[in-house]
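Number of protein chains: 2
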Amino acid sequence: MPLPEPLVRLVEELQRLPGIGAKSAQRLAFHILKTPREETDRLADAVREVKERVTYCSVCNNITESDPCVYCRSDVRDQRVICVVEEPQNVSAVEKTREFKGVYHVLMGALSPLQGIGPDDLKIKSLLARIDNGVAEVILATNPTVEGEATAIYLARLLKPLGVRVTRIAMGVPVGSDLEYTDEITMQKAIEGRREV
Amino acid sequence: MPLPEPLVRLVEELQRLPGIGAKSAQRLAFHILKTPREETDRLADAVREVKERVTYCSVCNNITESDPCVYCRSDVRDQRVICVVEEPQNVSAVEKTREFKGVYHVLMGALSPLQGIGPDDLKIKSLLARIDNGVAEVILATNPTVEGEATAIYLARLLKPLGVRVTRIAMGVPVGSDLEYTDEITMQKAIEGRREV
Numbered sequence: 001m002p003l004p005e006p007l008v009r010l011v012e013e014l015q016r017l018p019g020i021g022a023k024s025a026q027r028l029a030f031h032i033l034k035t036p037r038e039e040t041d042r043l044a045d046a047v048r049e050v051k052e053r054v055t056y057c058s059v060c061n062n063i064t065e066s067d068p069c070v071y072c073r074s075d076v077r078d079q080r081v082i083c084v085v086e087e088p089q090n091v092s093a094v095e096k097t098r099e100f101k102g103v104y105h106v107l108m109g110a111l112s113p114l115q116g117i118g119p120d121d122l123k124i125k126s127l128l129a130r131i132d133n134g135v136a137e138v139i140l141a142t143n144p145t146v147e148g149e150a151t152a153i154y155l156a157r158l159l160k161p162l163g164v165r166v167t168r169i170a171m172g173v174p175v176g177s178d179l180e181y182t183d184e185i186t187m188q189k190a191i192e193g194r195r196e197v
Numbered sequence: 001m002p003l004p005e006p007l008v009r010l011v012e013e014l015q016r017l018p019g020i021g022a023k024s025a026q027r028l029a030f031h032i033l034k035t036p037r038e039e040t041d042r043l044a045d046a047v048r049e050v051k052e053r054v055t056y057c058s059v060c061n062n063i064t065e066s067d068p069c070v071y072c073r074s075d076v077r078d079q080r081v082i083c084v085v086e087e088p089q090n091v092s093a094v095e096k097t098r099e100f101k102g103v104y105h106v107l108m109g110a111l112s113p114l115q116g117i118g119p120d121d122l123k124i125k126s127l128l129a130r131i132d133n134g135v136a137e138v139i140l141a142t143n144p145t146v147e148g149e150a151t152a153i154y155l156a157r158l159l160k161p162l163g164v165r166v167t168r169i170a171m172g173v174p175v176g177s178d179l180e181y182t183d184e185i186t187m188q189k190a191i192e193g194r195r196e197v
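Residue numbers (the numbering used here), protein chains in the order written: chain A, 1 to 197; chain B, 1 to 197.
Hints were generated in silico from the structure; no laboratory data involved. One or more hints might be untrue.
Unchecked claim - Some chain B residues close to chain A (C-beta under 8 Å, calculated; not the full set):
| # | residue |
| --- | --- |
| 1 | G21 |
| 2 | L28 |
| 3 | R37 |
| 4 | P174 |
These figures come from a predicted structure and were not determined experimentally. The beta-carbon is built from N, C-alpha and C at its ideal position, and this holds for glycine as well.
Please take these sequences and the hints and turn them into a complete structure.
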């Protein structure tokens, strides 16, 4: 005799989430069954509310509760420097440094011919539309992966003719790591990117 | 500048789920943000509905949409043989064999002094209450772990004086495995439990 239908449905919905397979989905569903009602209601409400209250900034595509986002409407951020990232969560990674005082542009992905993601699937047009005489520099902070690198090269070709300074974040050995365990491509990038001391 | 508050709340709620850490919770939350509204509504509804429609059988504690559950109210199942398992999901594991035709009793856990789970935290009293002259056999199918084994031994001591046949599922080498990779305790159980051929 099969599992109750609402439980089967919950397992199916959980399985759609990234990194959750059939076994994890079943484990989570049984956990939810065991959990007090208030707590599971909070989870269901949180899912609904995040969709209701959080949207994307119409300028930079970062996630925000109000449009434009805090960065785009800020007086203290340098609106002349745009840091380009792949996903909204990458904005947090840059913010954590407390070093960057410019604004952002979220591409919502990276070029990936294998996954059928081309330039028109990314927020590239709206990036180009933001480049005017006021913009001094575009920092390409796409991921240090094949896709991120290809996207950075593609964007650099489009941006340079517009007369803006285009830079790419440095790739090299991560701070605190051990050279012994550094892969050869990272090591190669570290040597390529060496600087005078 | 921090993440929007509804997103932070969703991350917190997701992190309460078993096996979901801070990083996974954030990844899931951003995925939910990106997912179309219909799909995330289906997830939220599934969570609510499972709590509304699925309850525990008042006889055997298995999950069910109607009380008593399909096994306990069945005419074709042998109500004289009770298979004792730790969790509702273990019922599915036994059912998959299509061999067992008796009924179940779900303990809702196993004895674990380390986690502070004693006999009163498990559905042991209701198991003992089910044992009458009609019951021919109790099969102890708790997990082959330290906790499951301790629970089985504890239950056997309580059940045997009631004049019922008490059995324990066999432990040994799993079918399709390789002796080379069998751990020593499993191998020991396999030898202890050897049978005439």
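Verification of the hints:
Taken as an interface hint, B/G21 does not check out: its beta carbon lies about 11 Å from the nearest beta carbon of chain A, beyond 8 Å. With a least beta-carbon distance of about 6 Å to chain A, the hint placing B/L28 at the interface is held under the 8 Å criterion. A least Cβ separation of about 5 Å between B/R37 and chain A falls short of the 8 Å threshold, and the interface hint therefore holds. At a threshold of 8 Å, the smallest CB-CB gap from B/P174 to chain A is about 17 Å, leaving the interface hint violated.
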